[in-house]
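What follows is each chain in one-letter form.
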Amino acid sequence: MQEKHSIVVTAINKPGVLARISSLITQRGYNIENVIGTATEDPNIYKLNFGIRGTDEQIEKIVKQLNKLIDVIKVEDISHKKNFIIREYLVIKVRATNSKRTDIFELIDVFRAKILDVSKTWITIELSGPPRKISRFIELLLPFGIQQYIRSGEIALRE
Amino acid sequence: MEKEITGAKIVIDAFRNEGVDRIFGYPGGAVIPIFDELYNATDIKVILTRHEQGAVHAADGYARSTGKVGVVIVTSGPGATNTITGIATAKMDSVPLIVISGQVKTGLIGSDSFQETDMVGLTRPITKHNYLVNHIEELPHILKEAFYIARTGRPGPVAIDIPVDISVAKLKDYKYPDSVNLPGYKPVYEGNVKQIKKAADEISKAERPLLYIGGGIVMSNAHQEVRELAKRTNIPVVSTLMGLGSFESNHKLFLGMPGMHGTYAANHALMECDLLIAVGVRFDDRVTGNLKTFATKATVIHIDIDPAEIGKNVKVHIPIVGDAKKVLTKLIEYVKPRQRSNWNDNVEAWKREYPLKYNQKEKREILPQYVIDSLNGIVPEDTIIVTDVGQHQMWAAQYYKYKYPKTLLTSGGLGTMGYGLPAAIGAAIGNPDKTVILISGDGSIQMNIQELATAHLNCVNVKILIMNNAYLGMVRQWQDLFWDRRYSSTCLKRNINCPDVCDGSHKKCPEYYCPDFIKLADSYYIKGYRVENPDDVVPTLKEIVSFKGPALVEFAVHREENVFPMVPAGKSLNEILVDDWR
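Chains as they are written, first to last, in the working numbering: chain A, 1 to 159; chain B, 1 to 582.
Read the hints as simulated data drawn from the structure, not as lab findings. These numbers come from a predicted model, not from an experiment. Don't be surprised by glycine CBs; every beta carbon is placed ideally from N, CA and C. Among the clues, some could well be false.
[Claimed, not checked] With beta-carbon atoms standing in for the labels, derived distance ranges:
# : chain 1 : residue 1 : chain 2 : residue 2 : range
1 : B       : G29       : A       : K81       : 51 to 57 Å
2 : A       : T55       : B       : D274      : 52 to 58 Å
3 : B       : K172      : A       : R132      : 56 to 62 Å
4 : B       : P125      : A       : D109      : 48 to 54 Å
Whenever a hint applies, use it, and build me the whole structure from the sequences.
Following this line, the structure appears as structure tokens:
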């Protein structure tokens, strides 16, 4: 069954490392749905979190190919693992005319989101949390009219 | 070592430390400093080819035939892009190469300056690893790592892009590193003992076991271990194109090459076996045919040094990651001797009933199979056979009897026409005492024909056999069998006066072939022969192997001869056509 998998790659922090990883994935015929990568507490180590869609078998093959990259130290498919804290960040701009504003404030309260900016017609909100919470928040804001939003993609850390 | 040393000198010093004494190359603006250092380095011989692609294939032929790392130096821009086909060829067949390209000055990178190209970007998918040197301080480690990566684990090409200002920059306190630090690269050589025992167990239980060996055997020098295992267990052997030579072609247990142009016995053995012991192979589609029906009755043991190959195409029951030689040595320890069985009788009956065959006696024209078959017994036993790509390549795989590993050099994975001539030159340079026979076609040979100059000027012992059917024969064969004889763009005699459509039977076919290969050989000072009569094949072959140095023989062969057996693309291995069915 094809489903989205979360992959965490630990690599040497060298120029071009992201290009190596991403081009290998496209070469093998897969698409990166989200990606986030930065240096870590050790500036020589680069961590990459990304999501790709595929069957368990297909993802296993990709993981093996990624492991072959000389600069890659470790590759983990954390989709079925429980011992990871997974978080995502969202910034969203929602239509909020006078009549609807209270409803939106209520949602912001419930989700413990934060208001970044308010104008006559729009509210800009930030929220961080597990990916499912982010999705749910977006879903509930949909009826108000979303102008735009941006999701960071997942980041994961072992418990 | 001197106190201060230039980047170019560091490169030469790395060559000495890594045991490099032959390099293949072509100079240009961005590598003049390196070539200038080579000018003084009398212990490192530079073979100047006539095209950068030729340089890479020559280094590839050198590497495959000697087991050493092949080294190439080219300039930036077009020099670098001309290496691409050669690098991709080496990557597909796991050949250890170091390809050094010049690059524009570091300050000019990214500004589309003269002869600038993104070599690291271009070679990323076709190298095992690649580098752009940004600072001279990195250069010694990059060179050390590059050689280490190229020759260890599953070998492969490594590209190093060196900006010209790095080659002239100076480094203080230089010392060539004696170790590498690569936390992300730890090839596994020793196979898991539990898995090996399991494999030995399966072998003792199997009724219809089969050994399926490939290029990995050649790479890890495991040919003796394979022989030992086969002898001990009486297990029949099939070998991929890349593995030919690692098991004696004349051996009773040997069933030949499987796959698209494999033997009936090899293909049926793959379909019928109940245990498949795959060693140093990658289950390529040219071997397996339709994956859904491939070896469905078999428990599969897969031994390979590259974990990513295991389970890539075929479901594996007993995976063993490790070096073929080491794993087989252990496996031989645990495996119980096995007596010959019905299975042996069956596969040998297939071999007898459906042998490879051609019939020269009834034909007035030369058959290419006959030319290749005639080499057996005429050429010295340790002759290195090099091929190009196409029909002649398959006949060379089928009809020449290989006895030793590293005696067949061929572009198996990428299927690169034009590989043959430069690769043969590289092999001859690495093996000056051996005879090198290049089996080529009239299409392939023209893809790097300029290297005739390299062959002559270096007086290499390469005998060039051109099977001239005036067609791009393999494509024509497909058009013949599956495309209603619509010979679109496959006739190499075709000229402006030919009718729009021609299925090969047109009366006014141009008589002459362009170019005249004998005149061409002559203009390169290479002795040329044209053979049109079957009776002249053997005498000519005997003559050319009697002297040292290059020779070119053009055989006017039957134009529409097809390669059989054939498993049409995507079909199952038992849907094999042993003969022309029409």
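Quiz item: What hint numbers does the structure not satisfy?
Solution: Hint 2 is the one this structure does not satisfy, whereas the remaining hints hold.
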